[in-house]
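Per the working numbering, the sequence shown runs over residues 23 to 100.
Bear in mind the hints are in silico, worked out from the structure with no lab data behind them.
Warning: the hint list may mix true and false statements.
To be verified - Restraint ranges, calculated between C-beta atoms of paired labels, are given here:
#1 92 <-> 66: 51 to 57 Å
#2 45 <-> 75: 36 to 42 Å
#3 68 <-> 38: 56 to 62 Å
#4 78 <-> 32: 58 to 64 Å
#5 59 <-> 38: 21 to 27 Å
#6 95 <-> 69: 35 to 41 Å
#7 80 <-> 57: 52 to 58 Å
#8 99 <-> 64: 46 to 52 Å
#9 49 <-> 94: 56 to 62 Å
#10 92 <-> 46: 35 to 41 Å
#11 39 <-> 80: 27 to 33 Å
#12 64 <-> 23: 51 to 57 Å
What the hints assert, rightly or not - With a straight-line Cα cutoff of 30 Å, these simulated DSSO-like cross-link-like pairs (lysine-lysine) come out:
#13 89 <-> 60
#14 79 <-> 89
#15 92 <-> 79
#16 69 <-> 58
#17 69 <-> 79
Ideal Cβ placement from N, Cα and C applies to all residues, glycine included.
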Amino acid sequence: MGVKIEVFRMMVYLSFPVAMFWISNQAEYFEEYIVKRKREIFPPDEKMHRQELEDFKERMRNRREQKMLKQMAMESEE
Numbered sequence: 023m024g025v026k027i028e029v030f031r032m033m034v035y036l037s038f039p040v041a042m043f044w045i046s047n048q049a050e051y052f053e054e055y056i057v058k059r060k061r062e063i064f065p066p067d068e069k070m071h072r073q074e075l076e077d078f079k080e081r082m083r084n085r086r087e088q089k090m091l092k093q094m095a096m097e098s099e100e
């Protein structure tokens with residue numbers, strides 16, 4: 023009797039993780055839960071939002087270049 027219980031317990035211990043991996047790796051499950059959740063958290067970029075970010079990056083780049091040019095001009099004067 024003890025051996026049968028141990029065999030049953032071992033089957034449960036081994037089959038549970040395998041079953042969970044099999045269920046969670048189904049394409050429908052992945053599409054439904056993972057991809058939809060990702061799209062909720064990180065929505066696709068909108069063109070307007072993307073353009074605002076590009077403009078901001080360009081302004082920051084220009085500001086940094088101006089600062090570097092001022093520093094170089096001051097160093098060359100000294």
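Do the hints match the structure? See the list:
With their beta carbons about 40 Å apart, residue 92 and residue 66 fall outside the hinted range of 51 to 57 Å. The hint said 36 to 42 Å for the Cβ distance between residue 45 and residue 75, and at roughly 39 Å that hint holds. For the pair residue 68 and residue 38, the supplied restraint of 56 to 62 Å is violated, since their beta-carbon distance comes to about 43 Å. For the pair residue 78 and residue 32, the supplied restraint of 58 to 64 Å holds, since their beta-carbon distance comes to about 59 Å.
Taking 21 to 27 Å as the suggested C-beta distance range, the pair residue 59 and residue 38 conforms, at roughly 24 Å. About 39 Å separates the C-beta atoms of residue 95 and residue 69, a value consistent with the hinted range of 35 to 41 Å. Distance hint check: the CB atoms of residue 80 and residue 57 are about 33 Å apart, inconsistent with the given range 52 to 58 Å. At about 49 Å, the beta-carbon gap between residue 99 and residue 64 stays in the expected band of 46 to 52 Å.
Hint check: residue 49 to residue 94, Cβ distance near 57 Å, so the stated range 56 to 62 Å holds. Here the CB-CB span from residue 92 to residue 46 is close to 57 Å, at odds with the stated 35 to 41 Å. For the pair residue 39 and residue 80, the supplied restraint of 27 to 33 Å is violated, since their beta-carbon distance comes to about 51 Å. Range check, residue 64 to residue 23: about 55 Å between beta-carbon atoms, so the 51 to 57 Å window is met.
With a C-alpha separation of about 39 Å, the suggested pairing of residue 89 with residue 60 is violated against the 30 Å cut-off. Restraint check for residue 79 and residue 89: the C-alpha separation of about 15 Å stays at or below 30 Å, so the hint holds. Pair hint residue 92 plus residue 79 holds up; C-alpha atoms about 20 Å apart against a cutoff of 30 Å. With a C-alpha separation of about 21 Å, the suggested pair residue 69 and residue 58 falls inside the 30 Å cut-off, and the hint holds.
For the given pair, residue 69 sits about 15 Å from residue 79 by alpha-carbon distance, which is consistent with the 30 Å threshold.
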